[in-house]
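Given the sequences, and given the hints that come with them, work out the whole structure.
Chains as they are written, first to last, in the numbering used here: chain A, 1 to 377; chain B, 1 to 85; chain C, 1 to 192.
Heads up, some of the hints might be wrong.
[What the hints assert, rightly or not] With a cut-off of at most 30 Å between alpha-carbon atoms, the simulated BS3-like pairs for lysine-lysine come out as follows:
1. K15/C to K135/A
2. K58/B to K102/C
3. K64/B to K93/C
4. K108/A to K58/B
5. K53/B to K47/C
6. K135/A to K93/C
7. K63/B to K59/C
8. K125/A to K93/C
9. K135/C to K66/B
10. K376/A to K222/A
11. K64/B to K197/A
12. K38/A to K64/B
13. K38/A to K102/C
14. K66/B to K137/C
15. K184/C to K108/A
16. K197/A to K58/B
17. K11/B to K102/C
18. K58/B to K38/A
19. K15/C to K58/B
20. K197/A to K63/B
21. K66/B to K102/C
22. K184/C to K135/A
23. K108/A to K102/C
24. K5/B to K38/A
25. K93/C to K81/A
26. K53/B to K108/A
27. K53/B to K102/C
28. K133/A to K184/C
29. K11/B to K59/C
30. K102/C to K125/A
31. K63/B to K135/C
32. K197/A to K66/B
33. K59/C to K5/B
34. K11/B to K108/A
[As the list claims (entries may be wrong)] Here are some chain B residues the structure puts well away from chain A; computed CB gaps all over 10 Å:
35. H10
36. S22
37. V49
[To be verified] Residues of chain C placed beyond 12 Å of chain A at every Cβ, according to the derived structure:
38. T18
39. A19
40. G31
If you are wondering where the hints come from, they were derived from the structure by calculation, not from laboratory data.
The model shown is predicted, which means the values in this text are computed figures rather than measured ones.
Virtual Cβ for every residue (Gly too), placed ideally from N, Cα, C.
Residues per chain are reported as follows:
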Amino acid sequence: MMKEIFITDYNCVTPLGFNVNSNWSSLLEGKSGVALHKITENQEAVYASMIDSEKLNEEFSKNFENQSFTRLEKMILLSLKPLIESHPVTADTALILSTTKGNVSLLKNQTVLPEGAYLAVLAQKIADFFGFKAKPIVVSNACVSGVMAIAVAKNMIQAGQYKDAFVIAGDEITEFVISGFNSFQAIGTEACKPYDKNRNGINIGEAGAAVYITSSPSETEKFRFKVSGDSAVNDANHISGPSRTGDGLYASIRNAMAEAKVSSEHIDFISAHGTATLYNDEMEAIAFNRMELQNAPLNSMKGYYGHCLGASGLLESIISMESARHHTLLPSKNFEEMGISQPLNIIKENQTATIQYILKTASGFGGCNAAVVLEKC
Amino acid sequence: MENLKTELKHKIIEVLNLEDVSVEEIKDTDPLFGGGLGLDSIDALELIVLLDKDYGIKLADPKKGKEIFQSIDIMAQFIENNRTK
Amino acid sequence: MPQWYWKNVKMNMMKKITACTLENSKITVDGNLIFESESNTFPEFAKEAYKNLELNYPKFHKMDSLSKLAFLAAEMILKDGDHSRTALVLANKSSSLDTDFKYQESINSQENYFPSPAVFVYTLPNICVGEISIKHKMQTENAFFVLDEFDENFLNNYSEQLLRSGKADKVLCGWVELFQENYKAFVYLLTL
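Structure (structure tokens):
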């Protein structure tokens with residue numbers, strides 16, 4: 001009999017605020033972190049969701065004495081700190097980091113690889129700061145990393161390897177990433193419009209996020225969400241284009257829901273990936289319809305936060321749980337007119353709702369997909 | 001123009017890592033995409049970079065790539081008409 | 001009984017069916033030398049191995065070094081048998097830094113600024129898993145981890161959970177580390 005695993009605390013650092021409450025208030029008002037930014041010197045400005053560096057440094061200085069951390073590390077440390085203050089680290093506590101590029105900005109103009117660029121070094125720096133005994137684990141599975149990291153924590157606690165875990169995530173806007181997505185013609189010319197007829201690409205975003213996961217929630221926890229099911233299945237189709245029939249995403253959702261013992265009618269809310277590329281959103285519509293989920297209220301949060309890569313899955317899961325706690329469904333920002341071939345129940349305005357079962361999905365380069373079912377208890 | 005076509009064939013083989021393909025095997029009128037070369041969407045994007053890097057042509061609308069990359073003949077003609085390098 | 005005892009007992013219940021090692025220009029399967037190259041560099045070794053093994057898969061040449069390494073190792077193990085329920089769980093220390101470094105070079109100079117999509121796509125370590133999935137048509141569970149060093153215990157425990165929860169019948173598991181000319185792959189097939 002597998003142990004039950006719960007998320008009982010979380011926090012995030014985004015352009016909409018340095019804690020969950022300020023993020024939630026901003027989201028309720030329909031605010032977005034997306035704006036026009038000049039990220040690379042000789043290149044055009046792009047729409048991106050960027051954290052104000054001055055404010056970040058100010059907030060960091062208030063909370064930490066030591067300043068020898070990179071900008072990304074500051075984002076992650078700030079998200080994690082309040083959680084550690086509430087849940088002390090033990091020898092059986094895991095640290096799982098979800099990131100795609102880590103400190104990749106350190107590579108600029110280097111002839112030798114800097115130590116800090118290693119993802120395990122980044123993770124260890126954070127682990128050392130908070131006194132973790134266990135060696136940190138990094139999940140680097142493209143844009144599904146954040147969702148998968150939750151599943152990895154569940155997996156490892158159920159395996160008896162750990163008693164609890166902090167799952168953290170972070171990715172930063174960098175020239176590296178912007179130039180790359182540009183070379184893919186994937187960046188939108190305006191604030192991104194997931195599922196919309198006129199969508200034409202992504203906005204890059206950045207965020208830090210942290211979640212506390214345990215098999216023995218204390219009585220004083222403010223909330224608990226059971227991680228009931230998870231799965232991460234590959235399309236086996238193409239390394240950058242999703243399966244046209246949504247095979248991998250469909251299988252991930254099907255398996256996660258089967259493990260959670262829920263069927264389509266039970267899903268109260270879907271936090272989808274919705275990057276606003278032509279192909280991703282279309283693929284999702286097909287996969288959700290194959291699972292008969294076309295009626296479940298659905299949104300993409302990329303209109304609020306941009307695509308935060310390795311942080312997106314975790315950040316969006318947090319906001320999904322906030323939605324459930326506040327009995328409020330948030331609209332899929334910037335959606336106006338249906339632009340996918342199959343129907344989805346896209347949320348168009350703030351709505352009161354009872355949310356017990358959340359389905360969170362993600363898809364990414366390499367043909368990967370991930371789905372997790374969270375149950376409000 | 002013949003030189004350009006041969007040059008293009010060499011470049012395509014190199015840039016797209018078509019190790020097992022020889023210049024002679026690429027016919028001027030053969031479809032580049034949907035034909036025997038097995039080119040995919042990433043290759044199309046790489047050819048857009050090639051146009052810029054080697055011939056100074058920035059495609060205003062990248063979707064035009066489909067028309068331009070139909071064959072070596074068509075690609076060479078487009079480059080002749082638009083090159084700035 | 002102490003914790004470690006139960007962990008060992010659990011491990012004994014899993015079987016390692018076959019293992020492949022790739023390093024120093026050699027490919028070994030279950031201790032038997034399958035292929036050896038005279039070449040000094042990884043790209044040359046990989047090319048020779050590809051030809052020698054008659055893989056006939058032109059996409060191989062588009063892959064970056066990490067994907068070629070993982071692909072070759074996996075090929076040794078997956079070429080026989082049904083792997084429609086075989087999960088892929090790989091890990092390394094350097095993630096995709098070998099390719100990241102190359103990609104960064106293409107954007108360092110403002111005058112010679114030509115970011116390559118074919119290189120950029122490989123600046124994620126999980127692409128190597130994707131390449132294996134595509135070749136063998138494995139629509140299965142997959143994961144890529146970055147660890148400070150090869151932690152067989154962690155990978156085996158993770159794989160075991162996949163097997164026990166019924167998400168896979170076998171797991172292709174292992175370490176695929178590469179940064180420039182330092183490389184090692186140790187990949188094996190696990191089952192309950």
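A quick look at each hint next to the structure:
1. Among the hinted pairs, K15/C with K135/A is consistent with the structure: their alpha-carbon atoms are about 26 Å apart, no more than 30 Å.
2. As the CA atoms of K58/B and K102/C are separated by approximately 23 Å, the hinted pair is consistent with the 30 Å bound.
3. About 41 Å separates the Cα atoms of K64/B and K93/C, which puts this hinted pair outside 30 Å; it is violated.
4. Under the criterion of a C-alpha separation no larger than 30 Å, the hint pairing K108/A with K58/B is consistent with the structure, at around 26 Å.
5. At most 30 Å may separate the alpha-carbon atoms for a hinted pair to count; K53/B and K47/C meet this at roughly 28 Å.
6. As the CA atoms of K135/A and K93/C are separated by approximately 13 Å, the hinted pair is consistent with the 30 Å bound.
7. For the hint linking K63/B to K59/C, the alpha-carbon distance of about 24 Å falls within 30 Å, and the restraint holds.
8. A C-alpha spacing of about 15 Å is found between K125/A and K93/C, which places the hinted pair at or below 30 Å, so the restraint holds.
9. Of the supplied pair hints, the one linking K135/C and K66/B holds, its CA atoms being roughly 27 Å apart against a limit of 30 Å.
10. Of the pairs offered as hints, the one joining K376/A and K222/A holds, with about 12 Å between alpha carbons and a cut-off of 30 Å not exceeded.
11. A threshold of 30 Å between alpha carbons decides the hint, and for K64/B with K197/A the separation of about 20 Å falls inside it, so the pair holds.
12. The suggested pairing of K38/A with K64/B holds, with an alpha-carbon distance near 27 Å, which does not exceed 30 Å.
13. Taking the CA atoms of K38/A and K102/C, the gap is near 24 Å; set against the 30 Å cutoff, the hint holds.
14. For the hint pairing K66/B with K137/C, the CA-to-CA distance comes to about 28 Å; that is within 30 Å, so the pair holds.
15. Between K184/C and K108/A, the direct Cα distance comes to roughly 27 Å. Compliance with the 30 Å bound is thereby established for this hinted pair.
16. Under the criterion of a C-alpha separation no larger than 30 Å, the hint pairing K197/A with K58/B is consistent with the structure, at around 27 Å.
17. For a cut-off of 30 Å, the pair hint linking K11/B to K102/C stands: about 20 Å separates their Cα positions.
18. Note on K58/B and K38/A: the hinted pairing holds, with a Cα-Cα distance of about 21 Å set against a maximum of 30 Å.
19. Only pairs whose Cα atoms come within 30 Å are accepted, and K15/C paired with K58/B is rejected, the gap being roughly 56 Å.
20. A threshold of 30 Å between alpha carbons decides the hint, and for K197/A with K63/B the separation of about 17 Å falls inside it, so the pair holds.
21. Our distance criterion of 30 Å between C-alpha atoms is met by K66/B and K102/C, whose separation comes to about 28 Å.
22. A distance of roughly 22 Å separates the Cα atoms of K184/C and K135/A; the hinted pair therefore holds under the 30 Å criterion.
23. At most 30 Å may separate the alpha-carbon atoms for a hinted pair to count; K108/A and K102/C meet this at roughly 11 Å.
24. Between K5/B and K38/A, the direct Cα distance comes to roughly 39 Å. Violation of the 30 Å bound is thereby established for this hinted pair.
25. Distance restraint check for K93/C and K81/A: the Cα-Cα separation of roughly 26 Å lies within the 30 Å cut-off, and the hinted pair is therefore satisfied.
26. A distance of roughly 21 Å separates the Cα atoms of K53/B and K108/A; the hinted pair therefore holds under the 30 Å criterion.
27. Under the criterion of a C-alpha separation no larger than 30 Å, the hint pairing K53/B with K102/C is consistent with the structure, at around 17 Å.
28. Among the hinted pairs, K133/A with K184/C is consistent with the structure: their alpha-carbon atoms are about 28 Å apart, no more than 30 Å.
29. Only pairs whose Cα atoms come within 30 Å are accepted, and K11/B paired with K59/C is accepted, the gap being roughly 17 Å.
30. Distance check on the hinted pair: K102/C and K125/A sit about 26 Å apart at the alpha-carbon level, within 30 Å; holds.
31. For the given pair, K63/B sits about 29 Å from K135/C by alpha-carbon distance, which is consistent with the 30 Å threshold.
32. Pair hint K197/A plus K66/B holds up; C-alpha atoms about 22 Å apart against a cutoff of 30 Å.
33. Between K59/C and K5/B the alpha-carbon distance is near 24 Å, which keeps this suggested pair within the 30 Å criterion.
34. Distance check on the hinted pair: K11/B and K108/A sit about 28 Å apart at the alpha-carbon level, within 30 Å; holds.
35. Every CB of chain A is more than 10 Å from the CB of H10/B (nearest about 22 Å), matching its label as outside the interface.
36. Distance check for S22/B against chain A: the nearest CB is about 26 Å away, which clears 10 Å, and the non-interface claim stands.
37. Here V49/B does not stay apart from chain A, with its beta-carbon only about 7 Å from theirs, under the 10 Å limit.
38. Here T18/C stays apart from chain A, with its beta-carbon at least about 22 Å from theirs, past the 12 Å limit.
39. Look at A19/C: its CB is around 22 Å from the nearest CB on chain A, clear of 12 Å, so calling it non-interface holds up.
40. The Cβ of G31/C sits about 29 Å from the closest Cβ of chain A, beyond the 12 Å cut-off, so the non-interface label holds.
When held up to the earlier numbered hints, the structure conflicts with 3, 19, 24 and 37 and fits the remainder.
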